[in-house]
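Asks: This is what each chain is made of:
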Amino acid sequence: MHELSIATYVVDLATQHASQHEGSRVAAVTLRVGSLSCVHEAALRFSFDLVCEGTPLKGAELHIVAVPVSVWCAACQAERELPSIQRFACPVCGAPSADIRAGRELDLESIELVEAALP
Amino acid sequence: MSHSRPIRSSSVQPPRGQSPRILEVRTKILKKNDELARAMRAEFEAAGVVVVNLVSSPGTGKTAFLKETLTRLVKAGEPVAAVVGDLETDNDAQRLAASGAPVRQIMTHGLCHLEADMVKAHLEGWDLSSLRYLFIENVGNLVCPTSWDLGESLRVALLSVTEGEDKPLKYPGLFNTADVAVITKIDLTEACDFNRALARANIEAVRPGMRVFETSAKTGAGMDGWMEWLTRAGQA
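If you read the sequences in order, they're chains A and B. The first sequence: position 113 = 113 (our numbering), numbered continuously. The second sequence: position 161 = 161 (our numbering), numbered continuously.
Okay, chain A solo, but in the shape it has when bound (with noise of 0.2 Å):
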């Protein structure tokens, strides 16, 4: 349940940026996460919702762009996106590749502010 650290990790980077505008809340954050990041999607759902409460995030959307894993085929001389994580191969000419491109991913790509409701 990692999971809940990195929710925690989200909404203090989130917090922080949205503290540099006055009078903003945070309304939605998208995400980042690549297929090899170990990431599961359902608890980190479940523990951003938890971590929310009490911070300017309260209420707020998760958006989630999975990236899936790509590696750079030496053979083919080409960025190539894997069919399946379990066998990391070019998955057009069969050559072998731990030259990894795309799929680590754990990002905060960006933050939705709207004006906070007056008190």
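I should point out that these hints are in silico values taken from the structure, not numbers from a laboratory. It is possible that part of the hints are untrue.
[Said to hold, decoys possible] Below 30 Å or equal to it, Euclidean Cα-Cα: the simulated DSS-like pairs (lysine-lysine) are:
(1) B:Lys75 <-> A:Lys58
(2) B:Lys75 <-> B:Lys218
(3) A:Lys58 <-> B:Lys32
(4) B:Lys120 <-> B:Lys28
(5) B:Lys170 <-> A:Lys58
(6) B:Lys28 <-> B:Lys170
(7) B:Lys120 <-> B:Lys75
(8) B:Lys218 <-> B:Lys170
(9) B:Lys31 <-> B:Lys120
Fit chain B to the known structure of chain A by using the hints.
Replies: Below, chain B alone, put in the same frame as chain A:
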């Protein structure tokens, strides 16, 4: 990335009168940990200490493997130390201390992985420049430690013959971040009907070209090869 696909992307319609602003942040979520780990790595390199992070499931035999490694290094006169992470108890630290190396226990009290700041806090007072090797035995878990950089020079993924040959296929994320794999409890190969060639093929499938050692901390089988590799890594 053009081939990214959204899992769920319901766009939020803000209430009337509110215009949403999108802040493009584009930052690593674990930036705080990554930055600390980077600083620690620089400090380790400047001190000339090789830091090895051991990751596996609970019960793979990390502690037995590390105890044997530490014992051999201590006997060879190498200055070594270790920190070991567990949810509760200092049992592992006590077992490892029998090697003669200084050992500290990190108790995470429920947290399923080590983070860079926990390691840093437990190194206080140790003169890193007097050490040749520092081992970090992570919390037994094949998933959660994957994303946390601890500033290590080498990450070792371990699996035991009792866990089955397909462990690398089930946990490709961890095997993919490792520099070397160690198959432990090789003395139980026959009892477990463990297919060594298949296990190696599965490691090769998820991490082409990765070095694999087959060891038994109990009988000492394969430990010489691992120690030689470690010594070379320590000199590189």
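Asks: Checking one constraint from the list: CA of B:Lys75 to CA of A:Lys58, max 30 Å. Satisfied?
Replies: Roughly 57 Å between the alpha carbons, so the hint for B:Lys75 and A:Lys58 is violated.
Asks: Measure nothing beyond the straight line between the CA atoms of B:Lys120 and B:Lys28; if it is 30 Å or shorter, mark the hint as holding.
Replies: 21 Å, holds
Asks: Taking only the CA atoms, is the gap from B:Lys120 to B:Lys75 under or equal to 30 Å?
Replies: OK: B:Lys120 and B:Lys75 at ~27 Å, within 30 Å.
Asks: Is the straight-line distance between the alpha-carbon of B:Lys31 and that of B:Lys120 30 Å or less?
Replies: 16 Å, holds
Asks: Run the distance test for B:Lys28 versus B:Lys170: straight-line Cα separation, threshold 30 Å.
Replies: Roughly 26 Å separates the two Cα atoms, so the pair holds.
Asks: Please work out if A:Lys58 and B:Lys32 have their alpha carbons no farther apart than 30 Å.
Replies: Since the Cα atoms of A:Lys58 and B:Lys32 sit roughly 22 Å apart, the hinted pair holds (cutoff 30 Å).
Asks: Take the C-alpha atoms of B:Lys75 and B:Lys218, compute the straight-line distance between them, and say whether it is at most 30 Å.
Replies: At roughly 17 Å apart (the allowed maximum being 30 Å), B:Lys218 and B:Lys75 satisfy the hint.
Asks: Check whether the Cα positions of B:Lys218 and B:Lys170 lie no farther apart than 30 Å.
Replies: Holds - the C-alpha atoms of B:Lys170 and B:Lys218 are around 27 Å apart, at most 30 Å.
Asks: Is B:Lys170 close enough to A:Lys58, meaning Cα to Cα at most 30 Å?
Replies: The hint is violated at about 35 Å.
Of the hints listed earlier, those the structure fails to meet are numbers 1 and 5, in rising order.
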